[in-house]
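A.B. asks: Heads up: the sequence shown at position 425 corresponds to 425 in UniProt numbering, and the numbers run straight through without jumps.
Do not rely on the hints blindly, as some may be mistaken.
Taking lysine-lysine pairs in the DSS-like style, the calculated list, with each CA pair at most 27 angstroms apart, reads [stated by the list, open to error]:
#1 Lys385 to Lys497
#2 Lys401 to Lys385
#3 Lys168 to Lys233
#4 Lys291 to Lys304
Hint data in this document are derived by calculation from the structure and do not stem from the laboratory.
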Amino acid sequence: MKAWHFDGSAILGQLQCAGMASVLRLMQEGFPSRTSFADLYAMYEKNLPPSLARLDPRLFSKCLFHALGLDQNDFQFGNTKVFFTAGKFAEFDQMMKQDPETVMELISKVTDWLVKARWRKVQYGAWSVIKLKNKILYRAEKIKKIQAWIRGYLVRKRFHKRLAIFRKACALLENSREMTDILARMNESSQDKWREAADSTTGELDELVKTIKNDDLNTEIDRAVKCYEDCVKRVDSIIADLKLQLENDELAEVERARKEAEDKERREAEEKAAAEQEKILRRKMEEEREKAQKEYELQLEMQKQKLAAEAEEEVKRRNKEERDRLDAAVSSRLASSDGVALVAQEASAAPPKQQSKYDLGNWKYADLRDAINTSNDMELLVACKEEFHRRLRIYNEWKSKNSANRDVPPTRAPLTVYNQQKPSSSSMMVSRVQAAPHLNPALTQQRYFKVSFATDNKKKNGGSQSGMWYAHFNGQYIRRQLTIRPSQKPQLLVAGKDDLQMCELPLEQTGLLRKKGAEISSNDFETMWYHYGGKPIQEWTP
């Protein structure tokens, strides 16, 4: 060694051997104070109770530090010593005091803290056991899940192709439901055309799904894939065809609706035109009828005047002839001078009775019927009709006189029609027929009447029920008749078929022309006639 000469390595080795390096590190870390476990335990050992005397010095030191209120960060344990942080010298001095009161107080605190620490340790042990149990169960569950994943992975790896084709087949089967939706929007004819193909394709898909699900297809997976591809092509083709058919059906429906609308408009236009034409025709017919009526009345008046003039001329001629005859007779008497008085013979110059042109009294019913149905002679037709209805009236009168129920009113027409009967003027009818019968509206005019009548049926309250009688007259004679009685089927009669059950009186003898409110329009009669099932009649024009 030399003075004022330092050997750095030697000095550093000496300091390390003395433990100075460790002390410096401890001080640098903030633990300047330290003491030994054994010394601290030996200081308190003589005053410790048996329960604390059995403690390890390290454990006793730890209990003592916590009893003094030191935190875990305020000290650190070494192998044989304990180190304190800076600023804990007061607690360190308190531990190192040998005052008996202080020692006993510290021992009491150590005992309390040890009991509490052991209780907390027991609690922590129980909590740790519960936590460990839950952790074991959690790990067991996770292990099961991992095993399930592994098993699923192995199964999927084994059945990968089968599962893939099964998913695709199920998706294709679900997509095939679109065919049913498209079919539901088609018309019936298209549905019948395509339903069989759609049902067969859906059935094949169902069978394919069942086969893949239930059978072992590991050896035949290629066949299933090929079948699936065929089904895909078929489904796509059918859906495309169905969509095209649906478009065609919609276009056809639109075209049909358009045609129906056009037909409806055309029919409405035709009906409107026909109604307008009918209105014009009716107006023209009414004008012609009025004109013909006026002409007929004018001709009738002229004929009456002509007949009156001829009758007057005939009377004058006969009077003149009678006077000439009487004058000649007087002259001859005077010439003979026999003195015989002339006897004047009064002679009434009454006009001869007009007789009909046709004598139909000896004709048979078949002859009258054939003449009515085949003859074009208007005068003959009118005469045949008059003769037919005359015989029909005689028959009905004879039938009513010889019937057992004489008091029962006739069923051919209401009783008011027969009560108002008046004898017709045959001379007037003959004159009308002889005076241009084809121009006489009274013989061809269509007229309609309605008469209510009381029936024999009685109600519960004792009152009588009323019926209704409708008649259609063609000129002077009835053509159609409708009788409505309560609780009975309506009676529809047509001339030429049901003459024995119809009214046989001419229109002028029925009194309907004088009955107020009896005549109705043709529309009212036709409405009731068609309402109760009557059929239209064929119009006859001479």
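A.B. asks: If a hint holds in the structure, say so; if it doesn't, say that too.
C.D. replies: For each hint, the structure was consulted:
1. Lys385 to Lys497: Between lysine 385 and lysine 497 the Cα gap is close to 15 angstroms, so the pair holds against 27 angstroms.
2. Lys401 to Lys385: 24 angstroms, holds
3. Lys168 to Lys233: Roughly 13 angstroms separates the two Cα atoms, so the pair holds.
4. Lys291 to Lys304: 20 angstroms, holds
Hint compliance for this structure: every hint is met.
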